[in-house]
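J.: One letter stands for each residue in the lines below.
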Amino acid sequence: MATAATSYDALNLPPAMIEGATAPADWIVVWPVALALFGAGLLVMLRNQRPLQSVFAGLIVLAIIVSNVYLLLRVFEAGPLAMTMGKWLPPFGITFVADMTGALFALSASVAAFIVVIFAKVELDGREYRFGFYPLLLLLLCGVSGSFLTGDIFNLYVWFEVMLIASFGLLILGGRRIQIDGAVKYGFLNFLATALFLIAIAYLYGITGTLNMADIARKSAEAPVGPLLTASGLFLFAFGVKAAAFPANAWLPAAYHTPAVAVSALFGGLLTKVGAYAAYRVLVLMLPAGRDMLEPVILAVAVATMILGPLGALAQTNLRRAIGFLVIGGIGVLFAGLTLGTQHGIGGGVIYAVHSILTLTAFYLVGGLVERMSGTQDIRYMGGIYTVNAPLSILFIILVFAMAGLPPFLGLWPKILLVEGGVRAGDWVIVTTLLLNSLLTLIAASRLWAHIFWRNGHEGARSEQPNDTLRRLTSDEVGLGLAPTIALVALIVVLGFFPNWLIEAGGVAAIDLLEPERYISAVFAGVPQS
Amino acid sequence: MNTVIFRTAAPILAALMIMFSIFVLLRGHNEPGGGFIGGLIGASGIAIYGIACGVDAARRALKVHPISLAGLGVFLAALSGFLSLPAAVPFLTGLWATFYVEGAEISLSTPMMFDIGVYFVVVGAVGTIALTLEGGEDD
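In order, the protein sequences belong to chains A and B. Using the numbering used here, the letters of the first sequence map in sequence onto residues 1 to 530. Using the numbering used here, the letters of the second sequence map in sequence onto residues 531 to 669.
No wet-lab data here; the hints were simulated from the structure. All the pointers check out, no bait thrown in.
Mimicking SDA-like on lysine to any residue, the simulated pairs with C-alpha atoms at most 25 Å apart in a straight line are:
(1) Lys185/A <-> Thr376/A
(2) Lys593/B <-> Leu52/A
(3) Lys185/A <-> Ile165/A
(4) Lys219/A <-> Gly206/A
(5) Lys121/A <-> Val478/A
(6) Lys593/B <-> Gln49/A
(7) Lys593/B <-> Phe131/A
(8) Lys219/A <-> Ala16/A
(9) Lys121/A <-> Ala390/A
(10) Lys593/B <-> Tyr129/A
(11) Lys593/B <-> Pro51/A
(12) Lys121/A <-> Arg47/A
(13) Lys593/B <-> Arg50/A
(14) Lys593/B <-> Ile552/B
(15) Lys121/A <-> Gly479/A
(16) Lys219/A <-> Met85/A
(17) Lys219/A <-> Glu515/A
(18) Lys121/A <-> Thr376/A
(19) Lys185/A <-> Ile199/A
(20) Lys593/B <-> Gly665/B
(21) Lys219/A <-> Pro528/A
(22) Lys219/A <-> Leu229/A
(23) Lys593/B <-> Leu543/B
(24) Lys593/B <-> Arg130/A
(25) Lys121/A <-> Phe168/A
(26) Lys593/B <-> Leu46/A
(27) Lys593/B <-> Met547/B
(28) Lys185/A <-> Leu308/A
(29) Lys121/A <-> Ala490/A
(30) Lys219/A <-> Leu294/A
(31) Lys121/A <-> Gly169/A
(32) Lys593/B <-> Asn48/A
(33) Lys219/A <-> Pro14/A
(34) Lys121/A <-> Asp378/A
(35) Lys121/A <-> Ser598/B
(36) Lys185/A <-> Ile659/B
(37) Lys593/B <-> Arg47/A
(38) Lys593/B <-> Gly126/A
(39) Lys593/B <-> Arg127/A
Bear in mind the structure is a predicted one, so any value in this text is a computation, not a measurement.
Hey, can you work out the whole structure from these sequences and the hints?
T.: Dropping the structure here:
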């Protein structure tokens, strides 16, 4: 019986705290998240300093990009990097882990966010400033980066919530009726998904007794099959809704065209990818047995999403709604990688996500410029923009080709990997659907291009009748709107020409997800063996 | 609601509630209490003052917009994590500094700073909501 005199040493408990110093360089794992949080707090305090807001936000996002680049280089060099908060030993402390997957996602997200920070200056009005566009943007980036870098499944849920709150704020910032309408649809389905996610976490905790991802990866092999399948199924459903995969895709095109273009670009680039990322992380790294059992379901979801996304885009006359359907098509491709579950499949999926984050952000921004010039969201009345702004048509067509995966643009390489993976696995359904998805995306996106740039005027007007509702971009819009968009498209083109490092990184990411020994040993590096 | 009794009592009540909220905040480290519940009590104080004396008077009394307080809270909480950087320990590790003043022991720590951050976030966010609801249309 323990008495007050019993010292804890005599109980011979295993140690609970990390001994030894943490090198400041290891902090790089938390920098992207901590900086964003710090910046969001600072910007809320500076809410009345309008000129300062965008400069500060830009500098902070730039600092986040720098830390992400450094993080990626460290991961390239030394493999996954981990830090457990508050000096507690894993699996008790909350661990942050950066492996290649997380680092690549986080870097692309911060680059997209930086472009949006600049672009936002052209279109925000006083109200959107006053209600805190920039703090919310940083909070969103904080949630997104946190999701990519956390190594704890409950913490992942917390970042999902942070992201949801921020995105909710951004969505209704303008306070227009249609925005509230979109936000209700968006909010309801996303709340449902997060609630299911939480329930699935509780199940998983009941099965494995731990919340640390690396620890779950070690223990899930011995978990009983039935409960594991239930938990995996719930995770798949929750992340499927988050990622807007079929059949839970309806909220995306209903919500993404309502806010400011900068917000649409941020959402289209970042948010759905977080759902896909979580599906990869949970179903490949943590619960591979669950993924194997669910493979037919994932296959059906992937095929339906890949086909229905571009078909939906084909039927739209609202530009940003059409782009929203293209986002959904891309999610189908990501799920195709998940279906394959091989090195080619996962690697291709990770690279596709990088491509998709950058390309869709750029696509929304170009779409936003087109909307500004034509003063409408309806592609039937946009015709003739080619005569007013020819460079924009080049940007648009590059993005169309990149989306569809035509050479030599960035979208080609992940598609090649995925198709190769499908051929190797003998999975002809996936191969056929991937190719069909490319074709349909090409048709749907070039239809948009033809309507906006090729046609001379309004739909139904005689071809020599020019569109006189168009206006030129002001010099502000060229400097702060067009220039950053060109920079982003240039980045996409350059990455498409020099994809070697990216393909290599994708391979490393896939290996670390499929065979997580390195990931696990990075997390448990400081734990004494008992 | 706008009775003489209420209007006379409200400032005193609000002051008492805000004092009590700080007490609850500081008590929270070892006993029931803490930043969140303290923040709610503080925000209730602001809300009562707003109901009794009008939203404009409440805003004047606060000097800063309550949402700025929330920003300060997030800032403080993040800062408390960064303090462990020079100490060469992981993010958000609890660090303690103990002083002896006239024989009494005073412990300051980063968990307390984090909790003060939480307090400000709650006071700021709930206070903003309360004043906006009381104020009605334009804010």
